[in-house]
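J.: Protein chains in written order, with the working numbering: chain A, 1 to 384; chain B, 1 to 384; chain C, 1 to 330; chain D, 1 to 330.
A portion of the hints provided could be inaccurate.
[As the list claims (entries may be wrong)] From the structure, some residues in chain B lie toward chain C, with a derived Cβ separation under 8 Å:
#1 Val127
#2 Asp128
#3 Ile144
#4 Arg222
#5 Arg225
#6 Phe322
#7 Ile351
These are calculated hints, taken from the structure and not from any lab test. Beta carbons are placed, not taken as given, at the ideal position from N, Cα and C, and that holds for glycine.
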Amino acid sequence: MTVDTAATSTRGAADGDPELVQLLTPEGQRVPHERYDALIDDITADDIREVYRDLVLSRRIDSEAVALQRQGELGLWASMLGQEAAQVGSARALRTQDHVFPTYREHAVAWCRGVDPAQMLGLFRGVDQGSWDPRENNFHLYTIVVGAQTLHATGYAMGIQRDGAIGTGDPNRDAAVIAFFGDGATSQGDVNEAFIWAGVTNAPVVFFCQNNQWAISEPLERQTRVPLYRRAHGFGFPGLRVDGNDVLACLAVTREALQRARDGEGPSLIEAFTYRMGAHTTTDDPTRYRLDTELEHWRLKDPIERVKAYMVRSEMADQGFFDGVEAEADELADRLRSQCRALPEPAPESIFDDVYVDTPPTLLAQRDEMVRYRDSFADEEGAR
Amino acid sequence: MTVDTAATSTRGAADGDPELVQLLTPEGQRVPHERYDALIDDITADDIREVYRDLVLSRRIDSEAVALQRQGELGLWASMLGQEAAQVGSARALRTQDHVFPTYREHAVAWCRGVDPAQMLGLFRGVDQGSWDPRENNFHLYTIVVGAQTLHATGYAMGIQRDGAIGTGDPNRDAAVIAFFGDGATSQGDVNEAFIWAGVTNAPVVFFCQNNQWAISEPLERQTRVPLYRRAHGFGFPGLRVDGNDVLACLAVTREALQRARDGEGPSLIEAFTYRMGAHTTTDDPTRYRLDTELEHWRLKDPIERVKAYMVRSEMADQGFFDGVEAEADELADRLRSQCRALPEPAPESIFDDVYVDTPPTLLAQRDEMVRYRDSFADEEGAR
Amino acid sequence: MTTNTASALTIAKAINAGLRRSLENDPKVLVMGEDVGKLGGVFRVTDGLQKDFGEDRIFDTPLAESGIIGTAVGLALRGYRPVCEIQFDGFVFPGYDQLVTQVAKMHFRSGGRLRLPMVVRIPYGGGIGAVEHHSESPEAYFAHTPGLKVVSCANPLDAYWMIQGAIESDDPVIFFEPKRRYYEKAEVDLEDRPDLALHASRVIRTGSDATVVAYGPMIKTCVEAAAAAAEEGRSLEVIDLRTLSPLDLGPVYESVRRTGRLVVVHEAQRTLGIGTEVAASVTEECFYSLEAPVIRVTGYDTPYPPARIEDQYLPDLDRVLDGVDRAMAY
Amino acid sequence: MTTNTASALTIAKAINAGLRRSLENDPKVLVMGEDVGKLGGVFRVTDGLQKDFGEDRIFDTPLAESGIIGTAVGLALRGYRPVCEIQFDGFVFPGYDQLVTQVAKMHFRSGGRLRLPMVVRIPYGGGIGAVEHHSESPEAYFAHTPGLKVVSCANPLDAYWMIQGAIESDDPVIFFEPKRRYYEKAEVDLEDRPDLALHASRVIRTGSDATVVAYGPMIKTCVEAAAAAAEEGRSLEVIDLRTLSPLDLGPVYESVRRTGRLVVVHEAQRTLGIGTEVAASVTEECFYSLEAPVIRVTGYDTPYPPARIEDQYLPDLDRVLDGVDRAMAY
Ligand SMILES: Cc1ncc(C[n+]2csc(CCOP(=O)(O)OP(=O)(O)O)c2C)c(N)n1
Ligand SMILES: Cc1ncc(C[n+]2csc(CCOP(=O)(O)OP(=O)(O)O)c2C)c(N)n1
Ligand SMILES: [Mg+2]
Ligand SMILES: [Mg+2]
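Work out the full structure: start from the sequences and follow the hints.
T.: So this is what it looks like as structure tokens:
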């Protein structure tokens, strides 16, 4: 019986590490990869520019939301700063018919799926608990209970199987599901049960773990002593680690995994090795538990800078293009600010509206009670 | 990304399979093992005779309990027929100070830990919910909620760590915990969380999974598509598969794993590959879901027969010995029958006794209510 | 009333027949859980379904209740109507988080955009001489959870139609089955659907001296108690709640206004059991009609006891009558 | 009364001080949970403890509530007294199975041989403008569970002493902390232990026209309501339940016998909330004293709403007074 603990420590993934799939170095150097080059060989300069735009605009949504929270317009915000490449890369690997189950932090995925940025704010402003229609963009609502959505994703994938929407070879029909979750989430029973279900049923689901090194104040070592991607092997499906700050690598490995799923070859786990550059949420104070040096280290791996460097280096874009995206971001931010303030306030009676599809008489009675009670004040006011 | 599904299928473990640790063949042939011979090199012929006795007597307890259930003396029984070697082998690897967390089926482990067989019946007769003191034999109560005890075991092991009772080198001090569970249990979130906790804390716990191929009517394929022992690697600790019908092999691998734990080297997973020869419980009808041929196949691997063959072959015991054990078993069975019938009936008011250490007035009032109510009948009867 | 479509069915068989009917009517209906396939469930409620509807629609799941509920949520989001079986009452708790934080709230969270038409079947209650966790009555945990609907059947006819109603419901329904009554038989007309909503209580015996409210396994007990009381010249009205959330207390109010006395009966522990809500609500609505406080005849506030003394824990005919006596004593 | 041992503490700081005291007094006391170490918990209730008591006694766990509760069970069986923190009310449910099937029943199961002296701290309740799952009041789920004891503090003094009492208890205690009151301050004497049991209710304001019963975050609201009522010449008695299981309703009965009217207030949904049990029990005990049915002023039977309308969901001073008006109108 030999001890099979980490050859690589949980933290050890460095650039050039054979365990880490990387296609674009932090310096913006495109490095060849035997396996994964083929998976992005159709990507044109136009595509790269689009990806760059996604990265910048989604980051702007995020930073604008942080600002809105500071100004009191949002109650809370969970920043994705630093995780743009993992999110845009994986999202851009999706087809329309694929379905996404996010956590509360997948703003760039939401952006790529076409969710209106203002809709991302509703939950955090406290005017609703999710305001987009998940069926419209095949992007499920944000799930706050850590890990719960991974089972929903797996069940949804089992539905896809039953619909015969895998393995037909029809690129517009075969579908897959992607479930997002964090490093901390891997400790939840639900996530492990999702792995079990997916393994046993061979469901078309991709488990995309953004290992951003922290679960609030807890470093990865509190969740595992071996790299997370290895978890998959014990459940009988492939797992790998990708440079989560490398949008091309994330695109490539997710494409592969999604296609496996769509082809009926079952689930996979992707561990995107990245870093949460901001606080856990706007109420968090990371200076209590982590060092600036770590932040500095990761700042050098910024997911946007490296794409920019790559584009400049390979002359895919000039300053005009970058300025244009910047201007677009400014506009987006402006629009978002005013859209945020304009988000409709919920009516108090709406509390009762969607508890059930069929609102029962008991609840209608409570609504009447609320309305009567509120009206009694109106009467008083009127009487004055 | 390569598919890492079973090279060995979940069912494939055959004798001679390199993945399966075996020291004693079904024919009773002692086969050498590079690694594990050393772990049982202290085992004398006396020890083997003791082990044989444990196997036979625990089987007799089990078959007697089945009979008692048929006769209406027990409400239920969960037979361990076929799993004696896994249980006796692992139990005999324990030291006094080690702690055991069983399921509802570890009767042979209970026996080896010195639990009075009659006490095993209380739960199944419905007179109590566990009648031994877990602190006396370091053998916890049977746990019925599948998987729950694995977390208790892990927490207990964390306590041992905090007590400084590992890694001191003192054989009477260093302690470990063993958690028993079934193949079905591996699907529960709790069991996976126990793996996570144990990995992260390096707790001195051995996870001993009796893969008896069935979770009631569900074959192993409903729980996993790769051998269960591999699950451990993804959590960062060793896992192996042992011939669960080979008492020597079970003893050897459990000794190793327990010693690792006691030495402060952390958790391990043992998958004892065995077979549930009986029904799931006395209320189950396995003919509805499995074939006799499978039973026939496993009957040839009987865990007791092979020890007997080995003993005969190596002249460790003569017919007199075997007859003696048989006679002892008969006596044990006799005693058990009468002990069972003599198990004290619980007093109705005892319902209220151990809900809390401090029984609150609200509950005392309900007890009074019950007593008054029952007394009212006595009055009526008295009045007649 | 077509007697040629009637047959004598047990509750277990009636649920089986109801499931079968739903499976036939709607290809989106699925049945999932532990041992529901070849075995037909430990109570044989799903007996034969896998054979007839295939392994895609009737399937054995891994042994994990959170997984069962959680994947059912996903299946429902994809347009299926999963019917999950929880093997015994005491084993629903590993799936409780998914039920309370996800199933109950998804419709609300989505502002009404998402629906979860799923059913969770739970054989519940005691009286079968079982070991721990196999005899519990956890219904109040669900009735306290907005967003879930909770029902319990008490006879074969309701069993047959209510399971179909639950499956047709676009809201998630927790469907409690009185396991100790599984094998009680009655005539069920398989075609003539009664004109009674899923979420409606029903007066099953009229009376004038006191009202007795119960549901599930205690209905038989209360009906027998009412018969015994009648012999002693006391007239009890018996109401089967049928729906535990939302409660349908209209018929109870109406009854209490006539009888002035109410006894509510269940197996579950007393504190915060369903009877507590019935008591509080009835007292609010019928304050001036009540001649006595609502009497709760229930299990005690203890864990479910070992089988040999469960009879002391469970309300029986005598305890129901004692409750009535206490109500009449005011 | 030694004023030199008194200091002005918030509820959060008082719990911190109480934990610290318990950690000092008993080396078996442990503090475990998500982010309780360096961060000191998201509400800083465990601030500084890891620094002073080390990583063996104050430790961050993996992110899984079942694991937290389940391993605490094991630690308790080994002789420790673990204090688990659940980060927010809505996240206790993954640990619910361990709490209901294991923690609540271990002592009973063992015939009294095993004890689980463990505490589960849960910041609960709304009014802090939070997102889903961060504002709930799940106390009734625990009060319905025999074997668990459930308490809630409402002021710094109780916070300081009750957490110590909970840790000293040989029964498992669910300790609910009114998170929106965490930062309210009062003088706390750190040495002079009040002569009041952990499981005792307390009259905190005497009055004669009606009784108002509440606990946790609603105490402040009710006290303010009583003050407002007094200005209008109405005298309200206010009782802080403190213990939710077992309930200590003696003081409530005594009060209601004098006032004849009772309003019970909580944030949790109405159906089967704690108020329901208070209503049913008080009606049983004080039937002839009650001039009006017990009025429940509570959250509605809906999921907790988005923050922008939580004020409409939560009882406030006016709704409490409205409840009193309704009671008086009978
Ligand atoms: C079941 C549950 N427990 C606790 C929380 C509180 N909580 C919210 S996010 C979080 C950390 C999650 O870490 P990770 O999974 O790594 O995701 P990240 O936030 O880093 O993206 C915690 C503990 C929760 N939301 N759900
Ligand atoms: C949480 C939970 N769910 C369901 C059950 C019902 N049940 C009892 S034993 C069992 C199968 C267990 O299979 P396995 O873990 O392989 O152990 P074995 O019985 O084969 O020894 C099931 C489903 C239970 N006891 N607990
Ligand atoms: Mg993280
Ligand atoms: Mg098994």
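J.: Now, for every hint given, state plainly whether the structure supports it.
T.: Quick rundown of the hints versus the structure:
Taking 8 Å as the C-beta cut-off, the interface hint given for Val127 of chain B holds, the closest approach to chain C being about 5 Å. Taking 8 Å as the C-beta contact cut-off toward chain C, the hint placing Asp128 of chain B at the interface holds, the least distance being around 5 Å. Using the Cβ-Cβ criterion of 8 Å, the hint placing Ile144 of chain B at the interface with chain C is satisfied: the shortest such distance is roughly 5 Å. The criterion of a C-beta within 8 Å of any C-beta in chain C is met by Arg222 of chain B, whose closest approach is roughly 5 Å, and the hint holds.
Among the interface hints, the one on Arg225 of chain B is violated; its C-beta lies about 11 Å from the nearest C-beta in chain C, farther than the 8 Å criterion. For Phe322 of chain B, the interface hint is violated, since its Cβ never comes within 8 Å of a Cβ in chain C; the closest pair sits about 35 Å apart. The restraint placing Ile351 of chain B at the interface with chain C holds, with a minimum CB-CB distance near 5 Å, inside the 8 Å limit.
In summary, the structure is inconsistent with hints 5 and 6 from the numbered list given earlier, while agreeing with the others.
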